[in-house]
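Q: Residue numbers (the numbering used here), protein chains in the order written: chain X, 1 to 292; chain D, 1 to 189; chain F, 1 to 1138; chain L, 1 to 384.
Please note that a few of the clues may not be correct.
[Claimed, not checked] Here are the computed lysine-lysine pairs in the DSSO-like style, where the Cα-Cα straight-line distance is at most 30 Å:
id	chain 1	residue 1	chain 2	residue 2
1	D	155	X	192
2	X	203	X	218
3	D	161	X	284
4	L	352	F	710
5	D	60	X	239
6	D	60	F	710
7	F	474	X	192
Derived from the structure by calculation, the hints contain no laboratory data.
Quick caveat: nothing in here was measured; it's all calculated off a predicted structure.
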Amino acid sequence: MKYFYYPGCSLEHSAKEYDLSTRALMRLLGRELLEIEDWTCCGASAADTASRLLSIVLPARNLALAQKSGETADMLVPCSSCYLNLKRADQLIGRDSQTRGLVNEALAEEGLSYGGGVRVRHLLDVLANDIGAGAIAEGLKQSLPGLRVAPYYGCQALRPFADFDDPEQPHSMDSLIEATGASVFDWSMGAKCCGAGLMTTKKELAQELVADLLDAAKGADCIVTVCPMCQMNLEAGQKKISRMRGRPLEISIVYLPQLLGLSLAMSGGGLRLDLNLALTRPFKQRLAAMAK
Amino acid sequence: MAHSQALGAPGHSARDPFSEISKNLRACMQCGTCTGSCGSAAKMDYTPRQVWRMVQSGLKEELFTSRTFWLCSSCYYCTLRCPRGLPLTDTMAALKRVATAEKYANDRKSPPFYKAFLDSVRKYGRVREAEMMTRYFLAVKNPALPLSFVPLGMKLLAKGKMELQLPGVSRGGKLERLYKKVMELEAAQ
Amino acid sequence: METKTGAALVIGAGISGIRSALDLAEMNYRVFLIDKSPHIGGILSQLDYQFPTDHCGMCKMLPTIGRDASSQFCLRKGLFHENIEVLPATEMTALEGEPGNFKVTLDSAPSFIDSQKCIGCGRCSAVCPVDVADGFNGGLSKRKAIYLPVPHNIPNRFTIDIAACTRCGECEKVCPTGAVDLRSEARRAFKILVVDDELVVRDSLKEWLLVEGFSVDMAESGAEAIDLLSSNDYGLVLLDVKMPGMDGVEALQIMREIKEELPVLMMTAYATVETAVQAMKFGATDYLMKPFDIEALIAKVVGHYERTVTVTGRVIEVGAVIMAAGSDFCDPAKNPGAFGYNLPNVVTGLQFERLVSGSGPGEGKLIRPADGRPARKIAWLQCIGSRDLQQKADFCSSACCMFSIKEALLAREKSGGEAETAIFYMDMRTFGKDFQRYRDEAEKVSGVRFIRSRVHTIESEPDGSLKLDYLDEKGAQREEVFDMVVLATGQRPAKGTIDLAQSAGIELNPAGFCRTDELYLARSTREGVFAGGSFAGLKDISESLILAGSASLEASKLIWSKGGTQAASSPSEAAFEDLSKDSPRLAVALCACATPLRGGLDLESLGAGLSRWDPSIRVFQVERACTLSGRTALLQNMKESGCNMLSIGACMPCLYGKMLVNLAKETGLSPQLMDVVDIYSPAYRSGETDPLLASARIQSAMKMSIGRLKTADPTPATSFGIIRKALVIGGGVSGMTAALAIADHGFKVDLVEKEGAPGGLARSVCRMIDGARTAAVIEKLTSDVRANANISLHTGAEVIASKPYERLSFLTTIKTENGEAKQLDHGVTILATGGREAATTEYGYGTSDSILTLFELEARLEKGAAAADLGTVAMIQCVGSREPGRNYCSRVCCSSALKNALRIKKENPQTDVFIFYRDIMAYGFLEAYYTKARQEGVIFIRYSLDQKPAVFVSDDGKIRISALDPILGKDIVVEADLLALSTGVVPNDLSGPGEMFGIEANEDGFFREAEYKWQPVNSNKRAIFGCGLAHSPRSIPESIAMAQAAAQRALVMLNREKVQAGAVVARVRRSICSLCERCIPACPYGARSRSEEEDRILIDELACQGCGSCAAVCPNSASVVRGYGDRQVMAMVEAALE
Amino acid sequence: MSKTGKITVKDRDPVSSLQNFLKLLLEKGTVEAVLVQQRLPIQNAAVMPVLVTDPEKLEGADPLAPAFPLNGARMLSRLTRKPLDAPIAAVMRPCEIRAFFELVKLKQGSAENVVFIGVDCLGTYGNIDYQKIAASTAGAESTLTFHRSILSGKGTATGDADISPACKSCDHPVATNADIGIGLLGANIEESLLLISNTEKGARVLGGLGIEVEEGDQPLRQSAVDALVSERTAYRDKMFEATSEAVSDVQKLMGYLGNCVNCYNCRVACPVCYCRECVFTTDVFDHEPAQYLRWAKRKGALKMPTDTVFYHLTRLAHMSTACIGCGQCSNACPNAVPVAELFRTVSHGVQKAFGYLAGASLDDEPPLSVFGEKEFSEVTGGKD
């Protein structure tokens, strides 16, 4: 099975480990990733503040490039914000002829055209539904017993397009986590927003939201994320937020492919756990002990 | 209490984006589900429900003194739960568009950030995070802001997760033609 | 030649189905009442309490006229009426023919329990291993696969839920009367042939099918299959597509030649799907995908088997069909983004009703379903699955606001007043009669909190209670924790409505309910098929029954017009010998049958004991009295003994209802002189170990029956002729419809209208909600009335006096147009005196000609005043309504205001329209107009009773309306050019006709009906009915429906030559009556009056229901109820103490 | 505060002054007839209600006599059962007026055209006792000695006879609901009698007779009335206790009613037992011979006549809401069964439970004909 692969800007630098661990995991599970060559930014939440058409054209460009490559495959997108923009563009172009006309008129500048048809899939959707917990369980080499993992879905992976999990009470990560031998930490904040989009402009508000999440995760060994912006937002400033709330809130934050990779006995190096900004010492010792 | 406000439905010029927004919101029955669902409603001076009401009643000037729509983190809870199925999160984005386009300077940080972000994409096709942040800090002209990001910057540098590029050095202009075409099309609509 | 008695089919035995069935049965039509579930009662069998009495009142639907033709006990226990054949677990699969004579095919699901044998002992369900969620209790509790559909039915028959049953056969073994027959042999007789080249596939298939109880043969190849086929008979073939040599398709074709309609399931792997589909062209019935999903495979095979054994093909001929299949509630858990509706301790409205019901999971103690702790702080969330475009539910479900308030009151009562209750709502739609008063009382007296807010999420706390985040009315963010949350779930079309509509050939509306005529709400899109109750959209009980009545009227009019006569007289009315001169000669028949029920009962000693006790009786035994042969033996013995009274000792008295009536016809003895005594269950049920004590108890039961019969009053029931003409007072839309409905059945009607021309208030309304011109409706009705020979219309006439005439009819004097008095004799009266728009002086009305009432605005719009020059239009709702002095909602002003606003917007979208409102009462499908009004840009501004908008007329004629906008929390001013006030509807004066016919008006001046829910069109006097605006404000289509329902009730009286009074009625022994008149107010049916001239108490035998209140009040038994005289009761008490 | 006038008593004979007052009523034509208790000319000891239209025929009238042969309410009910356009005056004891009010509520009579003249009641003797006392004296002699002995404090007992237990326990000696009250208490009846106008009709009648009436307290009378009432109430409560104890279970009740022979006299004498024919005298209780045998066989022995206790219980059930305690049932009982005490005790409890006082006013609705929304919550548990 082949997938187009759209990493997105943050996976180039600030979320490099997410990109590398995803590629490594997919290779291990026998799925081929075709990175769209010359892909450009999807516009995230900024394009929409400048012009509605721009916020559709930018993602449409990447969809057109994927279609132009002649392959027929779903497009796998690890970052929730890119996933939302790509899917929104695909739907609007598919549904509304007026938008389709304008977008294609713009894309013509780059000799591209797009009429819809590429199915945009989030990484979690592919892991949960195409690969499935069974494959992870079969390939399990390094069980992680007793590890309490809090699944964090963020917001834009689930809403407004609720096509692979319940937008309010998601459960698609549970089976995957249990397949690794770890146990799912029971909390109700899995689908709450961490305010990452506001971290640069409205820091105090974003930190409040992060603090609530870390508070709720008390008792879990680590939080698992499926979006570079949530990851960065939860990792950065754990000390400052602990001071703000007046109690220790430090907790390890790992990407889902990293956790799954560990259970399939991929080396910590290959999963670039070294690049994670927040891995508590007890968590690292735990992983080392389990590796023996 | 507050001055009494002559009420009249918003003006109806053909292509005014503001009346476009109000047309989308007409079916709102002020049930308050959106405000109840909004994570950042506590910090907003006007709650989302009051914003829709002001749009419906055409109170444009007063609306754009509010910072509500800048606090929207596009988490789409409100769109999911609105019993009228209205595109509420998209409306918040549209209000940002109108505020930026018609230069209502009620927020000093968000417009420059989004501009820096889009300029970087316009130039390199992708966001060069370091360069984008420096351009944003320069635009905001408040030294305290960059200082607060230094610890995160240092950690990223140490881990090699951020390249140090100097602004304005390389050529760029990757999506220049695309941007121009889009602006042209948008204006013609 | 037995004239073809008119017959009708009623689909769905909920309360609307029962109402229509009873309506038609009381008019002596034959009725087939079918329901797909194993019991009757629909949703109401689960509700113990109904608004406004907060008690159950279902039995008030039972016939009061000719009541001996029907069972007179609790309807939730069952319904037995001479003219109704109740068919549970039955569905209609085809409807052919044309209106007046339809041919209907009925399928009833195979019943694995013989209803004659099952005695409801419950041993089977004790051993049943399967536990399934109990739908009756809304899934809150568990039940077995073999279960009692309703805890309190008579006879209490068990049913098997075929889907859940694993056919383990335990129940079959343990059933004492052998009533359970899982037809396992029948399954074994169903042979299946499996044809597949791979052994592993054949073996696994064989093993699965054997477990299911079928017998299986196997074939390795097509050829082998074919010669197997020619030698024996298969019910089903599973045929693999890809096989070496002869492939599946080829084999299929040959097989089809051998056995034409042989069902074949192709088995195909992923690649050969196309071939399997292609094979279907050659007659394969279906295909199965490899690798097999066991459940799906078994379900398909069992499906085929079930279809072959379903009892099909019962074809009945009926004149009309009434669809009363009801509606379902939406399942909140399936709501996208479940908002936490599936958390523990979150229940639906129906589940709450079960929690407070005595037969429910919590036995009526208000406990939380999850942990059984008492629920003392409860929240109701309104509009779950209604008024929600996200779920394509652009409608209001009409009934939830009121049943939530009722449930809140129930919670307080069940918790001894401790429970704290809160209702979260958007518009509290109290649009019906006395709804507003019920809500005010709930709020002010019982302390129910009404919070105007739509809660978005429920989160569960560690201790299982629930945290609600919501926005309060001032816009502040609130968090509150409750023990339990009840969701007022909205309506959805009943399961199976789509295929029911297909087989009935009727269309559905966009929301999936039955599409009905705009004006005649009971008419579906197919002539002859009518819709009653909530099949066309959820309604409260009263509206459902009104619509059911209207459907019965339409059906009976159709049957009557196509020549389907009513039966000459109902069997129970046959004349019986007058035995008052005979001395009692009593025979006792003891039914001997092999039922193991008998236990140690020895019939000989029982018979001997009785003869010793009373030598004058004759005792004989009969073999299996409930069968035909048993009855003939019984008849034979009765003739021999020359008895004039009969007491039968048998097993289940309830089975003998119809049998006694037929026996009476054959022997000429009135059923009142026969009695059936249960001589078996005392012995069996109580597990009486000591046979002596058991037989003593049985003996005393028989002696009581003998005592009762010997002292029975033998005079047969009397019947009375009434004048078969009707008087309709008020010639509005309702009056004319009622008159036409009666006249179309061939009876004379006098229609008295005060004004010069008929039409009533409808004349000052220009358009219906959908834009149709009201004048057209009135013209059509008026021309029909004038053209109808049976109707004599008296315009400009007024009713001035009325007095009883010819014992049970009326003689009414009217003053005609030219002033002279005219006397009209009639048997029934329908009050349709109507109402008018209320006047007002509020909000500056009268000080400027641009301040109008609602009707005046519509008149101006109708006169073509171009909307352009209307400028800005403002409307204020609830002017004078829903406040002290006139504390009821006039129901129609909101929809009329929306109609006017949409019309203005349509003609000129630029006009600004503002509507000041307290609650928009857009109930039912009117909600779509409310949504449309908002989408068209109408601005709605809410105000509260204590902060009304203020209106100033400035000198330049502009109207300035200032009010507080609650959302913005700011004062706003609307400058309008035109202000319309919705003043609501007030009833026309009822005191005149009221006092003449002895009926009262309620405190608002409307007609006081006998019972809001269950007898909406009857008054508390027998032959007086009421409909239309006189009863309560309602729209024109709703008035028409109510007029038809009232006419239908009147026709039950008019329809008979002789109206049979009940056998058990009151009598006055004049000689010892001291005329203290205490019995007159005691009679709940107004059946007693004092006649001044004859100086005695008169009884209206038709109205009397034999309830005995008069006998209880009378100290010296001057007033006595036939059948329950002092001597009889004493005789039974004596016998009981033997 | 009450409006009172006076009748001056000539030569220490209140009876004749009262007769003159009544003559005035007839002469002035205020009423066409007077129903008053009168000594029959032919039998001095028989004091019976007499309907007098000729003033001259009033000379035997003696309403002050301690005689109470039967409750006059029943007679008045016969007079007013149908509309009678002639106004009549009824001179009656308080318990007779109250009994009549109950009969009006049962539509057995009407109070429209009746002027009630209520005489203070100081108690009456049983019929047998009174006949003995009156026989040995002439005219109203026995009445005067009765009242003089009370005035002088010697009480009501003469010889071995005393006023009946019902009168001793009667806490309504004054007819407060009569149009005109004849006040004996607190007055020296040998000089004057009080005339109290309680209602507007009473004031009109007195005005018509030219008797002036002034407003004012009557402290003397009030204290006398209070004293008598408290004495009688004390006696009453003791009687209640004793009777309750005497009938506290069925066995005791059967003993209490042991002497009853089902003659049903108490029913005939009871003013509020209004049935034309009591169910116990109808065929319902005319049992089959075989039935008696069966009953006897069941317990081996059967007291006859049967249904004795059943009858009294039924009468209690029917009449306890209307019983005014006039004592005629005991008075009429040939075997001196203390029926009045039983009925008075039970109906006191029943009337208290309903918050109803029999005969107090025509406006109070009789308990069982009216249903309160929230009644007997201790029984219904507060559910309506």
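Q: Need the status of pair residue 60 (chain D), residue 239 (chain X): alpha-carbon distance at most 30 Å?
A: violated, 42 Å
Q: Taking only the CA atoms, is the gap from residue 161 (chain D) to residue 284 (chain X) under or equal to 30 Å?
A: Holds - the C-alpha atoms of residue 284 (chain X) and residue 161 (chain D) are around 21 Å apart, at most 30 Å.
Q: Quick one, are residue 60 (chain D) and residue 710 (chain F) close enough, alpha carbons at most 30 Å?
A: violated, 92 Å
Q: Does the structure keep residue 352 (chain L) and residue 710 (chain F) at a Cα separation of 30 Å or less?
A: At roughly 43 Å apart (the allowed maximum being 30 Å), residue 710 (chain F) and residue 352 (chain L) break the hint.
Q: Is it true that the CA of residue 155 (chain D) sits at most 30 Å from the CA of residue 192 (chain X)?
A: holds, 27 Å
Q: Holds or violated: residue 474 (chain F) and residue 192 (chain X), Cα atoms, limit 30 Å.
A: Given pair residue 474 (chain F), residue 192 (chain X) holds - Cα atoms ~26 Å apart, limit 30 Å.
Q: For the pair we were handed, residue 203 (chain X) and residue 218 (chain X), check the Cα-Cα distance against 30 Å.
A: Satisfied, since the Cα-Cα distance of roughly 23 Å is no more than 30 Å.
Hints 4, 5, 6 from the list above are not met by this structure, while the remaining hints are.
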